[in-house]
Amino acid sequence: HNMRSLPLALALALGAAVRADDSVDPMNPYNLSDCRNQTAPDFDEGGKLRVQSWHIHYVRNSTDFERFYDVMVEKFSDKFSPTAGALCPFGPNYGLETYEYFCSLEDAY
1 HNMRSLPLAL ALALGAAVRA DDSVDPMNPY NLSDCRNQTA PDFDEGGKLR VQSWHIHYVR
61 NSTDFERFYD VMVEKFSDKF SPTAGALCPF GPNYGLETYE YFCSLEDAY
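Numbering (the working numbering), first residue to last: 1 to 109.
Bear in mind the hints are in silico, worked out from the structure with no lab data behind them. Virtual Cβ for every residue (Gly too), placed ideally from N, Cα, C. Just to be clear, a hint being listed does not mean it is correct.
Claimed, not checked - Listed below are the simulated SDA-like cross-link pairs for lysine to any residue, each with C-alpha atoms no more than 25 Å apart in a straight line:
(1) Lys79 to Glu97
(2) Lys75 to Phe65
(3) Lys75 to Ser104
(4) Lys75 to Gln52
(5) Lys48 to Thr98
(6) Lys48 to Met27
(7) Lys75 to Trp54
(8) Lys79 to His57
(9) Lys48 to Ser33
(10) Lys75 to Thr98
(11) Lys79 to Gly95
(12) Lys48 to Asn28
(13) Lys79 to Trp54
(14) Lys75 to Phe90
(15) Lys48 to Gly95
(16) Lys48 to Ser23
(17) Lys79 to Arg67
(18) Lys48 to Tyr99
(19) Lys79 to Phe43
(20) Lys48 to Glu100
(21) Lys48 to Asn31
(22) Lys79 to Tyr69
(23) Lys79 to Glu100
(24) Lys75 to Asp107
(25) Lys48 to Leu32
(26) Lys79 to Phe65
(27) Lys75 to Leu96
(28) Lys48 to Val24
(29) Lys79 to Asp64
(30) Lys79 to Val51
(31) Lys75 to Val59
(32) Lys79 to Phe68
(33) Lys79 to Tyr58
(34) Lys75 to Tyr101
(35) Lys79 to Tyr94
(36) Lys79 to His55
Claimed, not checked - Per label pair, the in silico range of CB-to-CB distance:
(37) Leu49 to Tyr99: 17 to 23 Å
(38) Thr63 to Met27: 33 to 39 Å
(39) Glu74 to Leu32: 36 to 42 Å
(40) Gln38 to Thr63: 32 to 38 Å
Produce the complete structure using the sequences and hints provided.
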């Protein structure tokens, strides 16, 4: 009797594990509520943060930013979407980790 119930118990346990995996948020698989003092696996083994975007903060001579922006877009033009151009199609306050192209969150004012 115990030997027959073992496969059933194992199947139920495996089924529960599969359901648990379905409920994990892929954007926060570790269910973090605070990212302070955390890192990503790209930088340190065991890092739990998901990298959603790589970006540049331009903090120097802002009067030259428009030229910098134009040169960046020209230099990396093959990395931008052939249909959307340089601007991100998802707006300045969002990120999209699956977007396969470079894009700018804003125009070069």
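Hints versus structure:
1. A threshold of 25 Å between alpha carbons decides the hint, and for Lys79 with Glu97 the separation of about 15 Å falls inside it, so the pair holds.
2. Pair hint Lys75 plus Phe65 holds up; C-alpha atoms about 15 Å apart against a cutoff of 25 Å.
3. Taking the CA atoms of Lys75 and Ser104, the gap is about 14 Å. The hint holds against a cut of 25 Å.
4. Between Lys75 and Gln52, the direct Cα distance comes to roughly 23 Å. Compliance with the 25 Å bound is thereby established for this hinted pair.
5. Proposed proximity of Lys48 and Thr98 is supported: the alpha carbons are some 18 Å apart, at most 25 Å.
6. Annotation: proposed proximity of Lys48 to Met27 holds, straight-line Cα distance about 11 Å (limit 25 Å).
7. Taken as a hint, the Lys75 and Trp54 pair is honoured in the structure, with Cα atoms around 17 Å apart against an allowance of 25 Å.
8. Distance check on the hinted pair: Lys79 and His57 sit about 19 Å apart at the alpha-carbon level, within 25 Å; holds.
9. A distance of roughly 12 Å separates the Cα atoms of Lys48 and Ser33; the hinted pair therefore holds under the 25 Å criterion.
10. Proximity of Lys75 to Thr98 is assessed by CA-CA distance (about 23 Å); at most 25 Å being required, the pair is judged to hold.
11. For the proposed pair Lys79 and Gly95, the alpha carbon gap of about 17 Å is at most 25 Å, so the pair holds.
12. Proposed proximity of Lys48 and Asn28 is supported: the alpha carbons are some 8 Å apart, at most 25 Å.
13. Straight-line distance between C-alpha atoms of Lys79 and Trp54 comes to about 14 Å, which keeps the hinted pair within the 25 Å bound.
14. Restraint check for Lys75 and Phe90: satisfied, since their Cα atoms lie roughly 23 Å apart, inside the 25 Å limit.
15. With a C-alpha separation of about 18 Å, the suggested pair Lys48 and Gly95 falls inside the 25 Å cut-off, and the hint holds.
16. Using a Cα cut-off of 25 Å, the hinted pair Lys48 and Ser23 holds, with the two alpha carbons roughly 18 Å apart.
17. Our distance criterion of 25 Å between C-alpha atoms is met by Lys79 and Arg67, whose separation comes to about 19 Å.
18. Under the criterion of a C-alpha separation no larger than 25 Å, the hint pairing Lys48 with Tyr99 is consistent with the structure, at around 21 Å.
19. Our distance criterion of 25 Å between C-alpha atoms is met by Lys79 and Phe43, whose separation comes to about 24 Å.
20. A hinted pair counts as satisfied when its Cα atoms are at most 25 Å apart, and Lys48 with Glu100 qualifies at roughly 22 Å.
21. Proposed proximity of Lys48 and Asn31 is supported: the alpha carbons are some 9 Å apart, at most 25 Å.
22. Between Lys79 and Tyr69, the direct Cα distance comes to roughly 14 Å. Compliance with the 25 Å bound is thereby established for this hinted pair.
23. At roughly 9 Å between alpha-carbon atoms, Lys79 and Glu100 fall within 25 Å of each other, so this suggested pair holds.
24. For the given pair, Lys75 sits about 16 Å from Asp107 by alpha-carbon distance, which is consistent with the 25 Å threshold.
25. Pair hint Lys48 plus Leu32 holds up; C-alpha atoms about 8 Å apart against a cutoff of 25 Å.
26. For the suggested pair Lys79 and Phe65, the alpha carbons sit about 20 Å apart, so the restraint of at most 25 Å is met.
27. Taken as a hint, the Lys75 and Leu96 pair is honoured in the structure, with Cα atoms around 23 Å apart against an allowance of 25 Å.
28. A C-alpha spacing of about 14 Å is found between Lys48 and Val24, which places the hinted pair at or below 25 Å, so the restraint holds.
29. Under the criterion of a C-alpha separation no larger than 25 Å, the hint pairing Lys79 with Asp64 is consistent with the structure, at around 23 Å.
30. Only pairs whose Cα atoms come within 25 Å are accepted, and Lys79 paired with Val51 is accepted, the gap being roughly 19 Å.
31. Our distance criterion of 25 Å between C-alpha atoms is met by Lys75 and Val59, whose separation comes to about 20 Å.
32. Between Lys79 and Phe68, the direct Cα distance comes to roughly 17 Å. Compliance with the 25 Å bound is thereby established for this hinted pair.
33. Straight-line distance between C-alpha atoms of Lys79 and Tyr58 comes to about 20 Å, which keeps the hinted pair within the 25 Å bound.
34. Restraint check for Lys75 and Tyr101: satisfied, since their Cα atoms lie roughly 14 Å apart, inside the 25 Å limit.
35. This hinted pair checks out: Lys79 and Tyr94 have alpha carbons roughly 20 Å apart, not beyond 25 Å.
36. Under the criterion of a C-alpha separation no larger than 25 Å, the hint pairing Lys79 with His55 is consistent with the structure, at around 14 Å.
37. Between Leu49 and Tyr99, the C-beta spacing of about 18 Å keeps the proposed range 17 to 23 Å intact.
38. Between Thr63 and Met27, the C-beta spacing of about 38 Å keeps the proposed range 33 to 39 Å intact.
39. For Glu74 and Leu32, the hinted distance range of 36 to 42 Å is satisfied, since their beta carbons lie about 38 Å from each other.
40. Range check, Gln38 to Thr63: about 36 Å between beta-carbon atoms, so the 32 to 38 Å window is met.
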